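Top to bottom, those sequences are chains A and B.
Mapping the first sequence onto this note's numbering, position 83 (from 1) lands on 83, and the numbers just tick up by one.
Mapping the second sequence onto this note's numbering, position 66 (from 1) lands on 66, and the numbers just tick up by one.
Just so you know, the hints here were simulated from the structure itself, not pulled from any lab data.
Fair warning: this is a prediction, and the values are worked out from it, not measured in the lab.
Here a beta-carbon is modelled for each residue, glycine too, at the ideal position from N, C-alpha and C.
Hints are supplied without guarantee of correctness; some may be wrong.
Covered stretches of chain A (chain B as the covering partner; in silico rule of three or more C-beta atoms under 8 Å from a C-beta of chain B) [said to hold, decoys possible]:
no. : region
1   : 16–29
2   : 74–86
Dumping the calculated EDC-like pairs for lysine to aspartate or glutamate here, alpha-carbon to alpha-carbon at most 20 Å [said to hold, decoys possible]:
no. : chain 1 : residue 1 : chain 2 : residue 2
3   : B       : K69       : A       : E59
4   : A       : K83       : A       : E59
5   : B       : K26       : B       : E15
6   : B       : K56       : B       : E15
7   : B       : K103      : B       : D83
8   : B       : K26       : B       : D83
9   : A       : K78       : A       : E103
10  : A       : K42       : B       : E5
11  : B       : K70       : B       : D83
12  : B       : K103      : A       : E68
13  : A       : K83       : A       : E3
14  : B       : K103      : A       : D86
15  : A       : K83       : A       : E56
16  : A       : K42       : A       : E103
17  : B       : K69       : B       : D93
18  : B       : K69       : B       : D83
19  : A       : K42       : B       : D7
20  : B       : K26       : A       : D86
21  : B       : K103      : A       : E103
22  : A       : K57       : B       : D93
23  : A       : K57       : A       : E68
24  : B       : K103      : A       : E18
25  : A       : K42       : A       : D71
26  : B       : K103      : A       : E85
27  : A       : K42       : B       : E55
28  : A       : K42       : A       : E53
29  : B       : K56       : A       : E103
30  : B       : K70       : B       : D93
31  : B       : K70       : B       : E55
32  : B       : K69       : B       : E17
33  : B       : K26       : A       : E108
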Amino acid sequence: EPEVTQTPSHQVTQMGQEVILRCVPISNHLYFYWYRQILGQKVEFLVSFYNNEISEKSEIFDDQFSVERPDGSNFTLKIRSTKLEDSAMYFCASRVAGGNTGELFFGEGSRLTVL
Amino acid sequence: SQQGEEDPQALSIQEGENATMNCSYKTSINNLQWYRQNSGRGLVHLILIRSNEREKHSGRLRVTLDTSKKSSSLLITASRAADTASYFCATADQAGTALIFGKGTTLSVSS
């Protein structure tokens, strides 16, 4: 069964370092998402991406964050200068095209620990 | 914000009992979805109910939607230990692409 894959599963970094989290969405999906979940808390929307551009972003998604689809399969989230409060689980998700937001398929997440 | 807010925050029941979780939201929606998350894992879609639907069933799951009260409920019947997880409601508005999640209900089913 097709699935969303994310790498790395866990990354530890020093404060101020750049981090890139990678995702391979399901191949025929056209909408891509990043969410984050601070331990034990709610799942927070960061950004949605369609047709090679950001569709929507939240207040969390400030200038320190960027997304890119560098090739036909990968979808990346870059954090330019990590802060302690960026420590969280980051989830990538994708869905098929369509005007209304339907079912999202999530990856297993990348745990980011900022020291 | 359109985000859903679930209650209760935590629910503990015995196997075989029914579990009911509620979700409230603030703005007009296109649809409302429920997801499940096992500890440390990704979210898995359970069921989607559109704004013009009032009730939907899928196996042991029953979802209701009351748009006048801006609320939804998820009922899991005849619960099993394997149902132990966090359950989140999520709302999609008319215009946007974002799916906004609530804080979730942690369900614990003991055998």
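How the hints compare with the structure:
{"no.": "1", "hint": "16–29", "in the structure": "violated (count 0)"}
{"no.": "2", "hint": "74–86", "in the structure": "violated (count 0)"}
{"no.": "3", "hint": "B:K69 <-> A:E59", "in the structure": "violated, 28 Å"}
{"no.": "4", "hint": "A:K83 <-> A:E59", "in the structure": "holds, 16 Å"}
{"no.": "5", "hint": "B:K26 <-> B:E15", "in the structure": "violated, 33 Å"}
{"no.": "6", "hint": "B:K56 <-> B:E15", "in the structure": "violated, 23 Å"}
{"no.": "7", "hint": "B:K103 <-> B:D83", "in the structure": "holds, 18 Å"}
{"no.": "8", "hint": "B:K26 <-> B:D83", "in the structure": "violated, 28 Å"}
{"no.": "9", "hint": "A:K78 <-> A:E103", "in the structure": "violated, 25 Å"}
{"no.": "10", "hint": "A:K42 <-> B:E5", "in the structure": "holds, 10 Å"}
{"no.": "11", "hint": "B:K70 <-> B:D83", "in the structure": "violated, 26 Å"}
{"no.": "12", "hint": "B:K103 <-> A:E68", "in the structure": "violated, 28 Å"}
{"no.": "13", "hint": "A:K83 <-> A:E3", "in the structure": "violated, 30 Å"}
{"no.": "14", "hint": "B:K103 <-> A:D86", "in the structure": "holds, 19 Å"}
{"no.": "15", "hint": "A:K83 <-> A:E56", "in the structure": "violated, 23 Å"}
{"no.": "16", "hint": "A:K42 <-> A:E103", "in the structure": "holds, 18 Å"}
{"no.": "17", "hint": "B:K69 <-> B:D93", "in the structure": "holds, 16 Å"}
{"no.": "18", "hint": "B:K69 <-> B:D83", "in the structure": "violated, 28 Å"}
{"no.": "19", "hint": "A:K42 <-> B:D7", "in the structure": "holds, 13 Å"}
{"no.": "20", "hint": "B:K26 <-> A:D86", "in the structure": "violated, 28 Å"}
{"no.": "21", "hint": "B:K103 <-> A:E103", "in the structure": "holds, 19 Å"}
{"no.": "22", "hint": "A:K57 <-> B:D93", "in the structure": "holds, 14 Å"}
{"no.": "23", "hint": "A:K57 <-> A:E68", "in the structure": "holds, 14 Å"}
{"no.": "24", "hint": "B:K103 <-> A:E18", "in the structure": "violated, 29 Å"}
{"no.": "25", "hint": "A:K42 <-> A:D71", "in the structure": "violated, 31 Å"}
{"no.": "26", "hint": "B:K103 <-> A:E85", "in the structure": "holds, 19 Å"}
{"no.": "27", "hint": "A:K42 <-> B:E55", "in the structure": "violated, 26 Å"}
{"no.": "28", "hint": "A:K42 <-> A:E53", "in the structure": "violated, 26 Å"}
{"no.": "29", "hint": "B:K56 <-> A:E103", "in the structure": "holds, 15 Å"}
{"no.": "30", "hint": "B:K70 <-> B:D93", "in the structure": "holds, 13 Å"}
{"no.": "31", "hint": "B:K70 <-> B:E55", "in the structure": "holds, 14 Å"}
{"no.": "32", "hint": "B:K69 <-> B:E17", "in the structure": "violated, 27 Å"}
{"no.": "33", "hint": "B:K26 <-> A:E108", "in the structure": "violated, 29 Å"}
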